[in-house]
Amino acid sequence: MNLGYYPGCSLHGSSDDYQQSLKACFDALGVSLKELDDWICCGATAAHTLNRKLSIALPARNLALASQQGCEELVAPCSMCSMQLKKAQKAMAKDAALAEEMGRIVEAQPNDTHVLNLLQAFDRVGLETIKAAVKEPLKDLKVACYYGCLLTRPPEVVGFDDCEQPVSMDKVVEALGATAVAWNYKTECCGAGMTLASEETVLDLSHKILADAAAHGAQCIAVACPMCNVNLDMKQSVIEARYGVKYGMTIYYLCDLVGLALGLTPKTLGINRHFVARKA
Amino acid sequence: MVQTDSISDLEFLAQTKFADCYQCGKCTAGCPRSAHMDKTPNQLIRLVQLGDIDTALKTNAIWQCVSCETCTTRCPKTVDCEGIIDALRQMSYERGMASKQQDAVVLFQKAFLDNVRRNGRMNEIQMIARYKIEGFAAIRRLGFLFNGAMLAPRMHMRNKLHIIGEKVRDRGVVRRIFARCMDGKA
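Each protein sequence line maps, in turn, to chains A and B.
Position 120, counted from 1, in the first sequence is what the numbering used here calls 120; the numbers after and before it change by one each time, with no gaps.
Position 92, counted from 1, in the second sequence is what the numbering used here calls 92; the numbers after and before it change by one each time, with no gaps.
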């Protein structure tokens, strides 16, 4: 299977362990990822909080590039990127004048490339394919599947899974032989891109997520977004110091867990580059 | 004070009808940041319904929002509450009305966009350096400058700091897109 790939700035920056894991995992599943040539930043939170036009134009430029490069399906593993791409598509589909204006602004015409977040990408590969490829089942591993905000919300933009009680990640984790625990903070926000701008916000929200996962017997948390990983993994020691607690909770990208079950080594997947050392 | 021009400008930016909101408060109930806001999400919508947009533009609430979309998702009247907050932030930024207290958030978003404007992609180190320097100049607290710095060596150990950032080849088109969207250029 061939899929287009929009890494976004995080996966080419401090979260390139996510890219390492994703590529190794998809390669083992027989999926080849073709990176969009000369892609630009989606604008993320900065664009949609400061300038509406820009928040549509930056994703629109990438959608136009995808169209020019003959890409019909585009995997955007960062949930902020996938949301911005999908939102821009929806805004232009609803408003023909806006779509035309965007064509002028970005100097090319965006089309209807199908944008997939990581959960949708695994859905596209198929649970049966994943199950059949498992070599080392993750039995006895209890995972809290953390979806955060933008993988399922708002539902009319994402159109995938249930926005309040999603199960798509749980199904992947169970296909690997692990147990997905029932817990309360599946879709609560971790503070997302406020890591630098408002650290207190991130410490407060991410602390609640770690506490709830631990209280429900999870040995690790699975994420499908680079920001979730930064806030729960990199900031975990800061959270522990701030609230006088100790979690030592391993944070995996979902593709880390799939990769491990396929028999890839933690080093191949870049798990040794995470902040909280792997226990389970 | 009712400012009808601003109501329609804001409704255009938000792409949603303020009058549809019947103040059930579900947005506020689900908001992870409402306890830290000077006006809750449903109160912000009430202000814009009444046309008191100036008061809404000056709140710290709009900069406390983490854009998690819970409010928009749960609204029984499909009012795009997060869209309204985005529209308020955009207008507040454009008019220079963000309160001093919120400098850090606004400066961060600005540093982010300036960096993308220059490179086409975000260069984390360049962006953080700019944000810290400008933020320190505005906020004047040493803690601001060094907060988070302890993580840098640990990031370096994990090969997560990339000193040389990426640039796209066609930076001309990126500059033109920014000029057309933000500076009103044709």
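Keep in mind the hints are simulated off the structure, nothing from the lab.
Keep in mind it's a predicted model, so treat the numbers as computed, not measured.
A hint or two may mislead.
No farther apart than 30 Å at their CA atoms in a straight line, the calculated lysine-lysine pairs in the BS3-like style are these [claimed, not checked]: (1) B:Lys132 - A:Lys94; (2) B:Lys39 - B:Lys77; (3) B:Lys26 - A:Lys267; (4) B:Lys17 - A:Lys208; (5) B:Lys132 - A:Lys90; (6) A:Lys94 - B:Lys110; (7) B:Lys17 - A:Lys90; (8) B:Lys26 - A:Lys90; (9) A:Lys135 - A:Lys90; (10) B:Lys26 - A:Lys94; (11) B:Lys167 - A:Lys90; (12) A:Lys267 - B:Lys110; (13) B:Lys167 - A:Lys208; (14) A:Lys135 - B:Lys185; (15) A:Lys208 - A:Lys34; (16) B:Lys167 - A:Lys142; (17) A:Lys135 - B:Lys77; (18) B:Lys39 - A:Lys139; (19) B:Lys132 - B:Lys77.
**Violated hints, by number in ascending order, as checked against the structure** = Hints 1, 3, 4, 5, 9, 12, 13, 14, 15, 16, 17, 18, 19 contradicted; others consistent.
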